[in-house]
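Asks: Sequences listed follow chains W and F, in order. Counting with the numbering used here, you get residues 578 to 921 for the letters of the first sequence. Counting with the numbering used here, you get residues 578 to 921 for the letters of the second sequence.
These are calculated hints, taken from the structure and not from any lab test. Do not take every clue at face value.
Heads up, the list lumps identical chains together, so a pair's fine if it works in one copy or across two of them.
[What the hints assert, rightly or not] 25 Å max Cα-Cα, derived SDA-like pairs, lysine to any residue:
hint : residue 1 : residue 2
1    : Lys778    : His842
2    : Lys788    : Leu602
3    : Lys805    : Thr843
4    : Lys763    : Asp708
5    : Lys805    : Gly591
6    : Lys881    : Asp708
7    : Lys805    : Phe639
8    : Lys874    : Lys904
9    : Lys727    : Pro605
10   : Lys788    : Gly736
11   : Lys837    : Thr709
12   : Lys825    : Thr709
13   : Lys738    : Val683
14   : Lys805    : Gln764
15   : Lys778    : Leu800
16   : Lys778    : Leu602
17   : Lys763    : Leu911
18   : Lys896    : Asn580
19   : Lys727    : Leu602
20   : Lys763    : Lys805
21   : Lys825    : Asp708
22   : Lys896    : Tyr845
23   : Lys879    : Asp640
2 protein chains.
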Amino acid sequence: MENRSEISQLGEFGLIERLRGNVTLTNPTSLVGIGDDAAVIQATDDECILLSTDMLVEGVHFDLSYVPIHHLGYKSVAVNVSDIAAMNAKAEQITVSIALSNRFSVEAVDALYAGIRAACESYGVDLVGGDTTSSTSGLIISISVMGRAKRDQIAYRSGAKVNDILCVTGDLGGAFMGLQVLEREKQVFLADPNMQPDMEKYEYMVGRQLKPEARMDIVYDLLEAGVKPTSMIDVSDGLASELFHIVKSSGVGVRIYEDKIPIDHTTYETAVEFNLDPVTCALNGGEDYELLFTISKDDQEKIKNHPDIHFIGYVHDRKDQNVLITKQGTVVPLRAQGWDHFKG
Amino acid sequence: MENRSEISQLGEFGLIERLRGNVTLTNPTSLVGIGDDAAVIQATDDECILLSTDMLVEGVHFDLSYVPIHHLGYKSVAVNVSDIAAMNAKAEQITVSIALSNRFSVEAVDALYAGIRAACESYGVDLVGGDTTSSTSGLIISISVMGRAKRDQIAYRSGAKVNDILCVTGDLGGAFMGLQVLEREKQVFLADPNMQPDMEKYEYMVGRQLKPEARMDIVYDLLEAGVKPTSMIDVSDGLASELFHIVKSSGVGVRIYEDKIPIDHTTYETAVEFNLDPVTCALNGGEDYELLFTISKDDQEKIKNHPDIHFIGYVHDRKDQNVLITKQGTVVPLRAQGWDHFKG
């Protein structure tokens, strides 16, 4: 009888770590492999190609009972472009592979690709290839994205230095609260299909969940301001989880301030309505696709008036001290509770 | 009531054509998009990056009741490398995304990745990224591959010229017959689990099905011989189907000779045993992953002694006359019967 270990015991990150452990790079053009938002491949002496990929599975990553398929197409591209933005680079090409069951009509596929094309247009990305096949159940979307950057402009998770300033863009927790709202309305609808949900007050959060944007604008703004982030990552699994990626890769610790964490007022109010702590939602809710990055103290002045960049804390040298300072001045250890599809 | 058209009516190629129709390229680095074995992206003035992707779905592309998962990992990489070989280029990096249900153990994933790593080593390709997620049913593998070539060395489907010689490598129909053998043994086993199948005489074909190799060796041999194919494609859907891709893209016609089509003697004998026509199997059986290419007449001398390259016919200018000359000298129109997962 063969030994059998369950993947749920390892979890998604454990499995990735396990698979990553056996990998070595042999081509001189493979500069950086697994472990950041994108792989880095040498193109010319001073320019690199970035390569990243994401897979979205129906029933795991999206629920078509409330996600319009056009938005799903847009979001699939946006989250991939976000991985390139997180390297401080510009996305240029994508490939899109889909597997779909006969539940899907040609019109549904058209709507999905209309969303994909809209995102391509919005981000200046070309759809250059893909694969189309049938599946035995549901829809699977696999996108790969190629980006480009000057070699010395690429921002890694590992570059955070002591005394750097921690920055985050936009606001957090909105996409998570949007998901809560959509899930609740689905239950209400299932119980009574005649109920007309009043979604107006949740519009912002639902939009954050259904149609997130990659923050390419920030990449351009930083370039224009002459600021190269010392480290960067996109917020897909939640602020806390991404902070841990940065501190682990950089060998540092972080201190962040509760009152600096950007939360939209509707997100705040809706969290309270759902009996959830708004700060916990901002720390651990995923899918905002904002950028989290560190900058040298010397650069702070250059972007201090940017309306969408928030300074939330700083980097220090005590590796295992990652803390949140509450509004009351209490020091609370940070915990990563990023989403794990195998455990979830 | 919304209009609903079935994808099965369009078929896989129809769907791809439909999706492709709306795509335009905007980045100057996007040299060639959808429509060949790989997209072509400018890297330097004289060097290009090739990008291709493939998705394999359990129950559609493979059956784990007779495919060892280690071989599946190897094959997933090989078929992607084959797409780069088909551009007359060298594969350098891949990303591997998998979605898997809790039916799969950690040991099964380890075996899959052992196969993936073995193929990476065999082809000198680096695994640089990927995604790992859960699925509601079965295993899905999505691989993207990046290759590299001098811009003037890239071979497209569209370059076949009148009077060019048609070449094919290895032998054809073996992978298809291997699949027939495996499917028959599965039925025998299901009927009586105590039956011990005698697979020895089918070993070659089963190997062709389970562990195909990308013909990177041919790419190197052609380079060494100083031969640049005028057009090239890999044989994944069957010789006839690939010939039609070349003639359609190149605006030419082809004439091939039945007695020149390379068929291994065990493939021939097994086809007869299965009451199948061996030539039909070679023409329409897929998954051999050999290379089909055209060369200028002037280059024929340079590779005429290559033991694994066969001259099967030539290119002419009558676009709609694609014919097979039988051993008896009869002229038969070629028909493409490539596999269609949506119709099949």
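Asks: Classify it for me, Lys805 with Gln764: is the Cα-Cα distance of at most 25 Å met within a copy, between copies, both or neither?
Replies: neither (46 Å within a copy, 62 Å between copies)
Asks: Up to 25 Å between alpha-carbons, please classify Lys763 paired with Leu911: within, between, both or neither.
Replies: neither (33 Å within a copy, 54 Å between copies)
Asks: For Lys879 vs Asp640, is the C-alpha pair at or below 25 Å within one copy, between two copies, both, or neither?
Replies: neither (42 Å within a copy, 58 Å between copies)
Asks: Classify it for me, Lys825 with Thr709: is the Cα-Cα distance of at most 25 Å met within a copy, between copies, both or neither?
Replies: Between copies, since 21 Å is at most 25 Å while 38 Å is not.
Asks: Is it within a copy, between copies, both, or neither that the alpha carbon of Lys727 lies no farther than 25 Å from that of Leu602?
Replies: Cα proximity of Lys727 and Leu602: in one copy and across copies (21 Å, 22 Å).
Asks: Are the CA atoms of Lys874 and Lys904 at most 25 Å apart within a copy, between copies, both, or neither?
Replies: within (24 Å within a copy, 80 Å between copies)
Asks: What label fits Lys896 with Tyr845 when the C-alpha limit is 25 Å: within, between, both, or neither?
Replies: For Lys896 and Tyr845, the Cα distance exceeds 25 Å both inside one copy (31 Å) and across copies (67 Å).
Asks: Within, between, both or neither: how does the pair Lys778, Leu602 come out at a Cα-Cα threshold of 25 Å?
Replies: neither (51 Å within a copy, 39 Å between copies)
Asks: Given identical chains, is Lys881 near Asp708, meaning Cα to Cα at most 25 Å, within a copy, between copies, both, or neither?
Replies: The answer is neither: 45 Å in one copy and 36 Å across copies each exceed 25 Å.
Asks: With 25 Å as the alpha-carbon cut-off, assign the pair Lys788 and Leu602 to within, between, both or neither.
Replies: Answer is between: at 24 Å across copies they meet the 25 Å cutoff, but 36 Å inside does not.
Asks: Between the shortest in-copy and the shortest cross-copy C-alpha distance, which are at most 25 Å for Lys896 and Asn580: within, between, both, or neither?
Replies: The answer is neither: 37 Å in one copy and 59 Å across copies each exceed 25 Å.
Asks: Since the copies are identical, ignore which copy is meant and state whether Lys738 and Val683 lie within 25 Å (CA to CA) inside a copy, between copies, both or neither.
Replies: Classified as neither; 51 Å inside a copy, 37 Å across copies.
Violated hints, in rising order: 3, 4, 5, 6, 7, 10, 11, 13, 14, 15, 16, 17, 18, 20, 22 and 23; the structure is consistent with all others.
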